[in-house]
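Participant: Now for the letters of each chain:
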Amino acid sequence: AQSVTQLGSHVSVSEGALVLLRCNYSSSVPPYLFWYVQYPNQGLQLLLKYTTGATLVKGINGFEAEFKKSETSFHLTKPSAHMSDAAEYFCAVSDPANTGNQFYFGTGTSLTVIP
Amino acid sequence: DAGVTQSPTHLIKTRGQQVTLRCSPKSGHDTVSWYQQALGQGPQFIFQYYEEEERQRGNFPDRFSGHQFPNYSSELNVNALLLGDSALYLCASRRQVVGGYTFGSGTRLTVV
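From first to last, the protein sequence lines stand for chains A and B.
Under this note's numbering, think of the first position of the first sequence as 392, with each following residue one higher.
Under this note's numbering, think of the first position of the second sequence as 747, with each following residue one higher.
Don't read these hints as lab results, they were simulated from the structure.
Among the clues, some could well be false.
The list that follows gives simulated cross-link-like pairs (lysine-lysine, BS3-like), each with its CA atoms no further than 27 Å apart [as the list claims (entries may be wrong)]: (1) Lys-440(A) to Lys-772(B); (2) Lys-759(B) to Lys-449(A); (3) Lys-460(A) to Lys-440(A); (4) Lys-460(A) to Lys-449(A); (5) Lys-459(A) to Lys-449(A); (6) Lys-440(A) to Lys-459(A).
Label-pair restraints from in silico Cβ distances [what the hints assert, rightly or not]: (7) Leu-411(A) to Gly-786(B): 20 to 26 Å; (8) Pro-816(B) to Met-474(A): 41 to 47 Å; (9) Gly-774(B) to Thr-443(A): 20 to 26 Å; (10) Glu-800(B) to Pro-487(A): 20 to 26 Å; (11) Ala-784(B) to Thr-503(A): 17 to 23 Å; (12) Pro-487(A) to Ser-811(B): 24 to 30 Å; (13) Ile-505(A) to Gln-842(B): 42 to 48 Å; (14) Glu-798(B) to Ser-405(A): 36 to 42 Å.
Computed far set for chain A versus chain B, every beta-carbon distance over 10 Å [to be verified]: (15) Asn-415; (16) Asn-432; (17) Gln-433; (18) Lys-440; (19) Leu-447; (20) Gly-453; (21) Ser-475; (22) Gly-499.
Source: prediction; values computed, not measured.
The C-beta atom is built at its ideal place from N, Cα and C for all residues, glycine as well.
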């Protein structure tokens with residue numbers, strides 16, 4: 392079974408400050424990991440994904456995440472927050488061996504950027 | 747290149763009614779998954795269709811059913827609507843086995 396825990400349902404940062412959104416996963420096999428962003432009244436947009444290889448993954452809009460197997464974590468960071476980063480962020484995990492590739496999502500973290 | 751298209755964008759139904767939601771996958775994609783996102787929650791997997799068959803199903807009752815057509819488009823049907831079925835329904839598509847999913851903007855269903 393797989394699951395995702397996102398610590399902190401709401402995170403507030405000042406514009407220009409570091410963004411850190413936390414994600415821990417539970418999986419019986421090495422997982423695929425994803426971060427999605429959702430703006431109000433919109434669907435999910437893929438920010439970045441980890442499948443295999445380099446554990447530091449760079450995504451769109453300056454975001455990156457590092458897969459740490461020992462900590463079962465996949466935290467999302469951005470060095471300098473921008474007002475346009477305000478949105479809901481979801482971490483997701485899937486089992487590569489499962490051809491259905493069902494995603495298990497966390498409950499999300501709402502990011503507020505303070506001017 | 748059109749992404750995933752869902753229709754309608756919003757609808758309101760009465761408890762006990764039936765509803766059909768539609769999804770056109772991204773060009774080149776042959777696999778469609780449906781997710782339910784309740785307010786303030788992460789998306790929950792309903793089921794996945796590939797080659798016109800349901801391949802995997804999440805923990806949803808039989809009131810939720812689906813279909814995939816030869817052109818890879820898909821429908822989600824919900825019978826005997828409950829107030830708790832009110833949610834954003836997301837469709838996601840991909841090419842089988844390859845990469846991640848592309849999500850549509852969703853259909854906001856309100857049951858009154």
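Participant: Confirm or reject each hint.
Facilitator: Hint check results:
1. Lys-440(A) to Lys-772(B): holds (19 Å)
2. Lys-759(B) to Lys-449(A): violated (42 Å)
3. Lys-460(A) to Lys-440(A): holds (15 Å)
4. Lys-460(A) to Lys-449(A): holds (17 Å)
5. Lys-459(A) to Lys-449(A): Since the Cα atoms of Lys-459(A) and Lys-449(A) sit roughly 15 Å apart, the hinted pair holds (cutoff 27 Å).
6. Lys-440(A) to Lys-459(A): Holds, at roughly 14 Å.
7. Leu-411(A) to Gly-786(B): 20 to 26 Å: holds (22 Å)
8. Pro-816(B) to Met-474(A): 41 to 47 Å: holds (45 Å)
9. Gly-774(B) to Thr-443(A): 20 to 26 Å: This hint holds: roughly 23 Å between Cβ atoms.
10. Glu-800(B) to Pro-487(A): 20 to 26 Å: holds (21 Å)
11. Ala-784(B) to Thr-503(A): 17 to 23 Å: With Cβ atoms ~22 Å apart, the hint holds.
12. Pro-487(A) to Ser-811(B): 24 to 30 Å: Check passed, 28 Å falls within 24 to 30 Å.
13. Ile-505(A) to Gln-842(B): 42 to 48 Å: holds (43 Å)
14. Glu-798(B) to Ser-405(A): 36 to 42 Å: Violated, since Glu-798(B) and Ser-405(A) (Cβ atoms, about 51 Å apart) do not stay within the stated range.
15. Asn-415: holds (14 Å)
16. Asn-432: The claim is violated: Asn-432(A) sits with its nearest Cβ about 8 Å from chain B, within 10 Å.
17. Gln-433: violated (5 Å)
18. Lys-440: violated (5 Å)
19. Leu-447: holds (18 Å)
20. Gly-453: Gly-453(A) is indeed farther than 10 Å from all Cβ atoms of chain B, at 19 Å.
21. Ser-475: Holds, because the least Cβ-Cβ distance between Ser-475(A) and chain B comes to about 18 Å, which exceeds 10 Å.
22. Gly-499: Answer for Gly-499(A): violated, closest chain B Cβ roughly 5 Å.
Hint compliance for this structure: hints 2, 14, 16, 17, 18, 22 are not met, and every other hint is.
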